[in-house]
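Sequences listed follow chains A and B, in order.
So the mapping is simple: my numbering equals the position in the first sequence, first residue as 1, plus 7.
So the mapping is simple: my numbering equals the position in the second sequence, first residue as 1, plus 7.
Incorrect hints may appear among the rest.
Any copy will do: because identical chains look the same in the list, a pair fits if it lies in one copy or spans two.
Unchecked claim - Below, in silico cross-link-like pairs of lysine-lysine (DSSO-like), each with a Cα-Cα straight-line distance of 30 Å or less:
{"id": "1", "residue 1": "K301", "residue 2": "K67"}
{"id": "2", "residue 1": "K35", "residue 2": "K234"}
{"id": "3", "residue 1": "K35", "residue 2": "K177"}
{"id": "4", "residue 1": "K357", "residue 2": "K343"}
{"id": "5", "residue 1": "K310", "residue 2": "K119"}
{"id": "6", "residue 1": "K119", "residue 2": "K105"}
{"id": "7", "residue 1": "K67", "residue 2": "K310"}
{"id": "8", "residue 1": "K231", "residue 2": "K301"}
{"id": "9", "residue 1": "K105", "residue 2": "K343"}
{"id": "10", "residue 1": "K292", "residue 2": "K35"}
{"id": "11", "residue 1": "K35", "residue 2": "K343"}
{"id": "12", "residue 1": "K343", "residue 2": "K119"}
{"id": "13", "residue 1": "K292", "residue 2": "K67"}
{"id": "14", "residue 1": "K67", "residue 2": "K119"}
{"id": "15", "residue 1": "K310", "residue 2": "K35"}
{"id": "16", "residue 1": "K231", "residue 2": "K119"}
{"id": "17", "residue 1": "K105", "residue 2": "K35"}
{"id": "18", "residue 1": "K177", "residue 2": "K301"}
{"id": "19", "residue 1": "K301", "residue 2": "K357"}
{"id": "20", "residue 1": "K67", "residue 2": "K357"}
{"id": "21", "residue 1": "K231", "residue 2": "K105"}
{"id": "22", "residue 1": "K105", "residue 2": "K301"}
{"id": "23", "residue 1": "K41", "residue 2": "K177"}
{"id": "24", "residue 1": "K177", "residue 2": "K119"}
{"id": "25", "residue 1": "K177", "residue 2": "K292"}
Everything labelled a hint here was simulated from the structure, so no lab data went into it.
Please read all numbers here as calculations on a predicted model, not as lab measurements.
Protein chains: 2
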Amino acid sequence: MSLRDDMTILADRAVAASRELALLNARKKNAILKAMADELDRQSGRILSANRGDVEAGRKAGLSPAMLDRLMLDAGRVAAMARGLRDVAALPDPVGRKLRSWARPNGLRLVKVSVPIGVIAVIYESRPNVTADAAALCFKASNAVILRGGSEAIRTSGVIVDVMLEGGMKRGLPGNAIQLVRTADRDAVGELVRLTGKVDLAIPRGGEGLIRAVTEQARVPVIKHYKGVCHVYVDESADVGMALRIIENAKCQRPGVCNAAEKVLVHERIAPSFLPGMAALLSSKGVELRGDAKARAIVPGMKAAAEQDWHEEYLALIMTVGVVPSVEAAVDHIMKYGSRHSDAIVASSKAAQDAFARGVDSAAVYVNASTRFTDGGEFGMGAEIGISTDKLHARGPMGLAELTTYKYVVRGNGQVRG
Amino acid sequence: MSLRDDMTILADRAVAASRELALLNARKKNAILKAMADELDRQSGRILSANRGDVEAGRKAGLSPAMLDRLMLDAGRVAAMARGLRDVAALPDPVGRKLRSWARPNGLRLVKVSVPIGVIAVIYESRPNVTADAAALCFKASNAVILRGGSEAIRTSGVIVDVMLEGGMKRGLPGNAIQLVRTADRDAVGELVRLTGKVDLAIPRGGEGLIRAVTEQARVPVIKHYKGVCHVYVDESADVGMALRIIENAKCQRPGVCNAAEKVLVHERIAPSFLPGMAALLSSKGVELRGDAKARAIVPGMKAAAEQDWHEEYLALIMTVGVVPSVEAAVDHIMKYGSRHSDAIVASSKAAQDAFARGVDSAAVYVNASTRFTDGGEFGMGAEIGISTDKLHARGPMGLAELTTYKYVVRGNGQVRG
Chain A
8 MSLRDDMTIL ADRAVAASRE LALLNARKKN AILKAMADEL DRQSGRILSA NRGDVEAGRK
68 AGLSPAMLDR LMLDAGRVAA MARGLRDVAA LPDPVGRKLR SWARPNGLRL VKVSVPIGVI
128 AVIYESRPNV TADAAALCFK ASNAVILRGG SEAIRTSGVI VDVMLEGGMK RGLPGNAIQL
188 VRTADRDAVG ELVRLTGKVD LAIPRGGEGL IRAVTEQARV PVIKHYKGVC HVYVDESADV
248 GMALRIIENA KCQRPGVCNA AEKVLVHERI APSFLPGMAA LLSSKGVELR GDAKARAIVP
308 GMKAAAEQDW HEEYLALIMT VGVVPSVEAA VDHIMKYGSR HSDAIVASSK AAQDAFARGV
368 DSAAVYVNAS TRFTDGGEFG MGAEIGISTD KLHARGPMGL AELTTYKYVV RGNGQVRG
Chain B
8 MSLRDDMTIL ADRAVAASRE LALLNARKKN AILKAMADEL DRQSGRILSA NRGDVEAGRK
68 AGLSPAMLDR LMLDAGRVAA MARGLRDVAA LPDPVGRKLR SWARPNGLRL VKVSVPIGVI
128 AVIYESRPNV TADAAALCFK ASNAVILRGG SEAIRTSGVI VDVMLEGGMK RGLPGNAIQL
188 VRTADRDAVG ELVRLTGKVD LAIPRGGEGL IRAVTEQARV PVIKHYKGVC HVYVDESADV
248 GMALRIIENA KCQRPGVCNA AEKVLVHERI APSFLPGMAA LLSSKGVELR GDAKARAIVP
308 GMKAAAEQDW HEEYLALIMT VGVVPSVEAA VDHIMKYGSR HSDAIVASSK AAQDAFARGV
368 DSAAVYVNAS TRFTDGGEFG MGAEIGISTD KLHARGPMGL AELTTYKYVV RGNGQVRG
């Protein structure tokens, strides 16, 4: 049987399961999630044993220490996975919400109601906890999920799915609601994301390479997370202390994540007084600054920024610094070089705030706050399956609501069209 | 210069125009729409003259009478186009709506606000009025549009766009907000829908062949309209008179459109009394019925339905008839053979209504009303750019709201992440 046949069977099973899932009520889904969490706790030893196999194989295969760390589980990490499932159980049901309801002059009553998307393929890299997180979120939104994790975590992911199924099926989880692609064949993803009519959505989570590969092969819709080239713009009207705190937080609090700031733009009227202090602060935190000509004229020791620096997502303690003549110029710059992820203005001028909030078309635009808040938890969504840099269907943090779509239910008393 | 270069230039211009469009307020946009409408009225003669050229060329090329009819304009049709633009001007601005706003415990205030999608490519077939309709709807939602009409209407569409631009630019329309692909080269579409990062969305409008071709080539998101295989299910609890009126309307009022019903399913308890009358009524309207074994046992003269009949979108006075044992069986049948467009139940039982409304995952599910209401105008959207059979971003009728996306604007007073 070909790989395509294998993936088609998986998808057909998922389609069938999605129909059963659509009929589960919230109480039942939450009981299943809790049973899955309990089972993860109960079978923690089995998961850790499978994980030791993956880690050993990874060591032999020469995985980097960073990759091994991402791969490795301990009792605390398994317990955190189980807690994550209970947290998802505690969230409100995203399915069956009345998004809008209205009546027409002919008496038809329309309700736009949230419904599951159907079958979602989640393709990710080495972190085994994504297996549990993604499965729980897709399930809570009544979607069937097909998981495809990194091959280096294949033993761990396999056991996590088995354990979740064992727990969940005791409480009525459809057996094919959560499926894992268990072949290491790299072409499986390509086959999966071409199954239009069966797979409704693909969500790749990982590095840019993975996401581009999935997008290139896909015929089903893909929600992507590309890079975060995030800016902080310091307006001439900024509170200087606030600007420094925000820049330090946005750059240094966790430099390796997508919502960390990579660029600072400073209004030319405030730059001479602001930049030296900012440079001293960031240098003391170990940040390397790369400036444009105007910034370097103010802070002479600063390295020169190349054109490529403005495009770069460093994910490290490096920051590009530019001086701009106006908030409009800052907006233009961000629209030219930014990745439409998260961008902030620090300003006390309402006019500047509004020009920025209106002009910058990013998933999240901040006024006087750090870019680091772009996150499902920080937004109050309770959990997130990822952050979308796409514009359609879901933009920015994706929580449970973004794992649903809608349909219209129209009730009448015999209306026909004239 | 290659076709790809040509399309890239078009797209780059559209991206630049989309930034200008995002800053236009509703009053300005409406003034532009009215100026475009006035100009269409004023230059009606010029449009009709170009149209005569297309019709003449079409005749020589052997276009069918139906295609020539779709292509041909008269003064009334041009006036209707202008009226359509004024109707769009009268609709509320879909951009800048607060979709949700909330605060976080740390004092951050979040607003989810509707914003334009950006650059939309609309690919359509021979009707020249789509040129004006699609341009007006995309523009009202502050999107730059790239239009690609059928080559047989190329003169007419060219003049319509020229006239709209002449009118609109007097009132401040950015010159590249509405662009038309003016080459007849068929590969232009393929190039256009591969321009990720420049073109945000493609909307093909036309037959299944066009839509499949666009989807196959696209790397940008595509919102598709495939076929409408719409069902009416008559429950055992149905009001028989209502069922007959709804079936007649859904099948006969306009059989060539996507929301016309193609299939009837009848509960086995009501079938013996219902089907003979239904068959007589539909036969009197010229409808050919094709039935399953149980239906044919009740109405002996009925043709036999083949398996393929259940999948077919006839767009003609033909209807497939089946007998089912329960509402659940009707739901299963519709989920197996339907196209997730529009499906109706006729029932007075609340339990049957709810089972159907819940179980059928179609864009529009009707209880005691005709499937023919799936339409932007009938839904009260004012106008529609199409009906989506996709599940993501937009489902069912797409009006102005569906031509927008959203961003989050987050306001704080110096919040940083801990």
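Hint check:
no.	hint	verdict
1	K301 x K67	neither (51 Å within a copy, 66 Å between copies)
2	K35 x K234	neither (38 Å within a copy, 35 Å between copies)
3	K35 x K177	within (11 Å within a copy, 61 Å between copies)
4	K357 x K343	within (24 Å within a copy, 56 Å between copies)
5	K310 x K119	neither (55 Å within a copy, 39 Å between copies)
6	K119 x K105	both (6 Å within a copy, 18 Å between copies)
7	K67 x K310	neither (41 Å within a copy, 69 Å between copies)
8	K231 x K301	neither (36 Å within a copy, 49 Å between copies)
9	K105 x K343	between (39 Å within a copy, 26 Å between copies)
10	K292 x K35	neither (50 Å within a copy, 49 Å between copies)
11	K35 x K343	between (48 Å within a copy, 26 Å between copies)
12	K343 x K119	between (37 Å within a copy, 23 Å between copies)
13	K292 x K67	neither (36 Å within a copy, 76 Å between copies)
14	K67 x K119	neither (54 Å within a copy, 48 Å between copies)
15	K310 x K35	neither (59 Å within a copy, 46 Å between copies)
16	K231 x K119	both (26 Å within a copy, 20 Å between copies)
17	K105 x K35	within (20 Å within a copy, 34 Å between copies)
18	K177 x K301	neither (66 Å within a copy, 40 Å between copies)
19	K301 x K357	within (26 Å within a copy, 72 Å between copies)
20	K67 x K357	neither (58 Å within a copy, 63 Å between copies)
21	K231 x K105	both (27 Å within a copy, 25 Å between copies)
22	K105 x K301	neither (54 Å within a copy, 39 Å between copies)
23	K41 x K177	within (11 Å within a copy, 64 Å between copies)
24	K177 x K119	neither (34 Å within a copy, 40 Å between copies)
25	K177 x K292	neither (52 Å within a copy, 55 Å between copies)
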